[in-house]
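Asker: Use these hints to put chain B onto chain A, whose structure you have.
There are 2 protein chains.
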Amino acid sequence: MIWGSNTGVGKTLVSAGIAASVLSDPQPSHVLYVKPVQTGFPRDSDSRFVYLKVSDLLRREGLKLVCMTLYAWNEAVSPHLAVEREGMVVSDSVLRENWRGTVWRLVETAGGIASPGPSGSLQCDLYRPFRLPVVLVGDGRLGGITATISAYESMQLRGYDIVAIVLEDHGLLNEVSLLSNLRNRVPVLALPPVPEDPLDNLIDWFGKSSKVFSSLQEILLSHHTTRIKRLHEMRKKGGDIFWWPFTQHELVTDENVTVIDSRCGENFAIHKVCSNKDMLLPQFDACASWWTQGPDAIMQIELAREMGYSAARFGHVMFPENVYEPSLRCAELLLEGVGQGWASRVFFSDNGSTAVEIALKMAFRKVLHDRGILDSENVDTRGIEIKVLALNGSYHGDTLGAMEAQAPTSYTGFLQQPWYSGKGLFLNPPTVFIFNGIWTLSVPDCLKPDVLEQDDMWFNSYNDLLSKSRDSSTIAKCYFSYISNQLLQFSASNHTTFIGALIIEPVIHGAGGMHMIDPLFQRILVRECRNYKVPVIFDEVFSGFWRLGRESAAELLDCVPDIACFGKLMTGGIIPLAATLATEAVFNAFKGDSKLMALLHGHSYSAHAMGCAAAAKSMQWFKDPSTNINIDKRKNLKELWDFKLVHQISSLPAVKRVVALGTLCAIELHAKGIDLGYASLGASTLVQQLREDGVFMRPLGNVIYLMCGPCTSPLFCNHQLSKVFGRISQIP
Amino acid sequence: MIWGSNTGVGKTLVSAGIAASVLSDPQPSHVLYVKPVQTGFPRDSDSRFVYLKVSDLLRREGLKLVCMTLYAWNEAVSPHLAVEREGMVVSDSVLRENWRGTVWRLVETAGGIASPGPSGSLQCDLYRPFRLPVVLVGDGRLGGITATISAYESMQLRGYDIVAIVLEDHGLLNEVSLLSNLRNRVPVLALPPVPEDPLDNLIDWFGKSSKVFSSLQEILLSHHTTRIKRLHEMRKKGGDIFWWPFTQHELVTDENVTVIDSRCGENFAIHKVCSNKDMLLPQFDACASWWTQGPDAIMQIELAREMGYSAARFGHVMFPENVYEPSLRCAELLLEGVGQGWASRVFFSDNGSTAVEIALKMAFRKVLHDRGILDSENVDTRGIEIKVLALNGSYHGDTLGAMEAQAPTSYTGFLQQPWYSGKGLFLNPPTVFIFNGIWTLSVPDCLKPDVLEQDDMWFNSYNDLLSKSRDSSTIAKCYFSYISNQLLQFSASNHTTFIGALIIEPVIHGAGGMHMIDPLFQRILVRECRNYKVPVIFDEVFSGFWRLGRESAAELLDCVPDIACFGKLMTGGIIPLAATLATEAVFNAFKGDSKLMALLHGHSYSAHAMGCAAAAKSMQWFKDPSTNINIDKRKNLKELWDFKLVHQISSLPAVKRVVALGTLCAIELHAKGIDLGYASLGASTLVQQLREDGVFMRPLGNVIYLMCGPCTSPLFCNHQLSKVFGRISQIP
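Here the protein sequences line up with chains A and B, keeping their order. Here this note's numbering is used: the first residue of the first sequence is 1, the next is one more, and so on. Here this note's numbering is used: the first residue of the second sequence is 1, the next is one more, and so on.
For reference, chain A alone in the conformation it holds in the complex (with noise of 0.2 Å):
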């Protein structure tokens, strides 16, 4: 792709030199060059000019030569205004849908890299899902220095190679400058000054011009090569190399490999190779990289653009005893938005794992600091044992720490971790689905009431599983003579044991799968807790920030914590950053004349100015209707997957139950006579064929699911379930 860093550097005199340079090849490929977007026409023909100039200076029969306009207005202006004053608005997805190549395709762009198309978008957004290699024209004039640089720049950050930068000798040596300011990253060529008479036919300056040229050619074919060399081997040397998270590296083939070339907003850019051909196809990320996918492509260039100014005007600086802007705007939104009501204090860390372990670490001190075990000097901590209560089937993180919060798993056995004794008191929780598109619950045996009423068993709506009428039902009432014999056992059975923090989740999931808890049994959970004084932990790391449709999980159960966790979205999906967040009380447990009563706790990175200035972007840009588009006027997301869809998968024979909110739509399958557990391949098939249809999922033993961003048009999100639905209706 030819860009321009100015316009009149002479773009289209590149495309004629590279063009001819290939035709006159001994045994010449085809040559296509397309100009997408044309001002000045017919006036001005970019592709006339160079179909005519290749034919001169070849003079061969048969050229090989294809040149074509595609959009083309009369005045000389920047695009946008050409249409707005001659009409034919041109789309940016149909710009992009028009033209497919050939083996040597050029296309040259119209002004300069950061010249509006003809919506107005920059043109270096528009074309940015190709990601073409670019030769720069670069200018070689006075003050071209600074317009090549700040054009390389601006392409660079919006995640583009630059093959070449090719410029106009104007007798300043703007090549050697550059070639040391951008310190040999790219090569910089001459081409002799252009003769000024606008009557000379250009066919000298083109034969002088030949060796240049030629150079360029070499370098795109090498530069190609290389890449597709690379684009090859990856599959393997990554199978080779990598010790992948959660993965048995003995089940992986080859094939099994992904090659991600790139990204832009929700889909992946993946190598394939078809028939021969080396292809980057669109994929939609549709297990959102592990729950920490949110930005849509607008965004993604937004937050590239913040993280290339943090790190230039911060790099990471410590945090202990220190103030900077990221870390205070970060931790204010913070409390503005999640914590809004409850939180006072923000603690930083890299991940939920560490998140959680802290959370666990403030609950615990607060918990000692209520039973007065840290005034008193008497007080012998020996035989004192804290545990957790916590959910059967949830999972905080990997870490010990974390892990030791959560009920035996397959995550938990002796050969995974031989430290692991599982420090927790864990419920079975009810939990609700849709099936047979209605909301419905389910409830674990050993709290099951004598008769269920069709009220308590069904609902229209998630926001009827959230409604008050519930804390007076029979339900309720199981719920709560659960809950208090559990604790009310636990305690007649331990002395000098007790519960130091109750963590809890919206949706559990890990080796069991993925499951949505009943809300108002977590209300009650949270109740009970508060009266015997136990600290309670949200875990909203996956929940947090818009993933099942409100901003925080407090928002969705209708109570708040004492401590919260946060992580993966956070950022916008970009970096890793993880908070915990704490009420003023919990922060008090740990003051004192000492640093030994000091939180004792903390990571290099803590607030890292990346992480904070993403995160920072990402909260306001969710929740601000001028950005994202999918919040209504009350300050919610809105549905984003179709209704009728989701009720219509829901009854499908092969679907066992359906989870829809937010971001998130979870799809669990019969079993049918497969392994259900986390060692089996689950739904492999299923997603083998979907990742044809160009969705890229990665099931969780028999859940599939699909999670979009924040900001993800619902009409995309549509697109991708109506695949789904088209396979699993399938299943017989």
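Read the hints as simulated data drawn from the structure, not as lab findings.
Taking lysine-lysine pairs in the DSBU-like style, the calculated list, with each CA pair at most 30 Å apart, reads: (1) B:Lys623 with A:Lys229; (2) A:Lys723 with A:Lys644; (3) A:Lys656 with B:Lys595; (4) B:Lys595 with A:Lys237; (5) A:Lys595 with B:Lys656; (6) A:Lys229 with A:Lys272; (7) A:Lys423 with B:Lys595; (8) B:Lys635 with A:Lys237; (9) A:Lys591 with B:Lys237; (10) B:Lys595 with A:Lys236; (11) A:Lys595 with B:Lys236; (12) A:Lys623 with A:Lys644; (13) B:Lys623 with A:Lys237; (14) A:Lys595 with B:Lys423; (15) B:Lys423 with A:Lys423; (16) A:Lys64 with A:Lys272; (17) B:Lys272 with A:Lys595; (18) B:Lys591 with A:Lys237; (19) B:Lys591 with A:Lys272; (20) A:Lys623 with B:Lys229; (21) A:Lys533 with A:Lys595; (22) A:Lys208 with A:Lys64.
Residues of chain A clear of chain B, computed beta-carbon distances all greater than 12 Å: (23) Pro193; (24) Ile219; (25) Pro430.
A virtual CB, placed ideally from N, CA and C, is assigned to each residue, including glycine.
Answerer: Below, chain B without anything else, positioned relative to chain A:
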């Protein structure tokens, strides 16, 4: 600071306009206009133009305006060319020294934002240490949108804040497109068209423009006021809502809090109020922001560009079963570098603590595998307990699993982590340090030989400590017998408990200060563990990537591990990322036909693209002599701390011992009656004094340390160390 998105866009008109607007206030402030670099002089003199034009416009006595040109050349070309052609070399640092301002200071740059200055450095890099608020003069012509947006982005990519864009209206409504494409992040003002007649005195034009200039003045003033207000409130706000790691908030007063406006290479720019004036002062980040920092100012901007590119190309994409360029490149470089000769697999995580937990899981599996505990279905694992072999005083992170591998300290008490039990056999290691100018060995009583000869005790250099001849010395025999006795005793008294891993690091650091272990002791430890088939883990989170003068501790200790952990400086200190490297034998212990045999550990941002890209860039940058001037011909890091000065310091009465190696210079002070423990305030007076000198330190108990980056110039290091010498000399 007035910057141009191109040459010839009217920077000087804007400067004059702002100056006139300020000076036409009823009680105007003083205005200083500076043109640091001028070419085409004296024919063109922007400062003369500004002075004359403002005088013409205001026609006032006692104009409070000073206009200066600092350096000027005759020919109207780029300054770097003018220097080449006319002489008068001006270095970047001289250019940065020669202008300090008054109330309103307008600094107008030459050409466009990335035009070279006299030395050839780009002006946007050259003036970066000041990070003055930017007025960007945009381009209203055809092609002006792209030029302005690119210039804006290049400034952002260097951490500047752009306060306003102002451009000349050429009837193309560029300001509308700019405002929309910049999403209203910055005001865009349009000036009326400038008369084309060169004889026009512009009085009319300035009259028509006065409203725009007074808006611009307003915007600049309001930006400044808001910025200063924020800087003032940050100190307190941070203390109110942050929960700083490892910090007793009760002991932190507002005055102790440092407000960091930005960093540039090794220096912070910190905010201070000195005699009622707001200042931003450079301060050397001597604690390397918790040992993470490496970049100088040039490398920081390179990394920033890389971060923007990676975020734009990949955002984050998920890792398991996938391959993408930065992850593969990073893994390749790790195996070619710190893993050379032993490692074959790379497992990514987020921080040192998780890297250690992963290493432990790897080691334990390996040991179970080697003992056949995996293979036999009849082995009852319930009674089996696995412990680590580690050093007293060492520290491997704050998550529970990493904490279990350290001996009890003030970090591990019941109040800090009630779940800690200390699952290890902990040895007392001998240490080495410089005292009175000589490397000295200190051996704990438990392994002291009967006779310690001088050859065993004193060494001329750290290299002598590594000498192979020590392997057969008396002291080597003592080490061996201490270690083997400890192992024998342990196995004799434990029937179902065995050692599952040795974990060591070259420098132990934590609650007990900072101590360098005798490398001979560690070599013997490793050898013994090999005999017992105990997997060896090197914790290189601190030592990796040239911290101690070699790329890895394996080089430093002259023996290799089975597993090693890396973090901190790996990414050039810009972003969190960690890696655990392992041999193929360790990897093979996880192979099997079931997913349950795999290492079921992972973090959502595993191998995130930005982290891997930063690491790949940094690893190459640090060891390439063309980018790092400190790399000598034998591919080692030069001595960065002046030998003589270090020896002088080690002979001062207040100094107990010194360790100077690679980028580290740690100085332990005599306790002199103050509490030695972690809870003490340690060397706090000295630290306060050094902050006045522009050195930002954080003591570890009684240890103060300076840590530079692998590419920091020895001159800079010396300058800092001299300040420290000066202050310590004054301690009686």
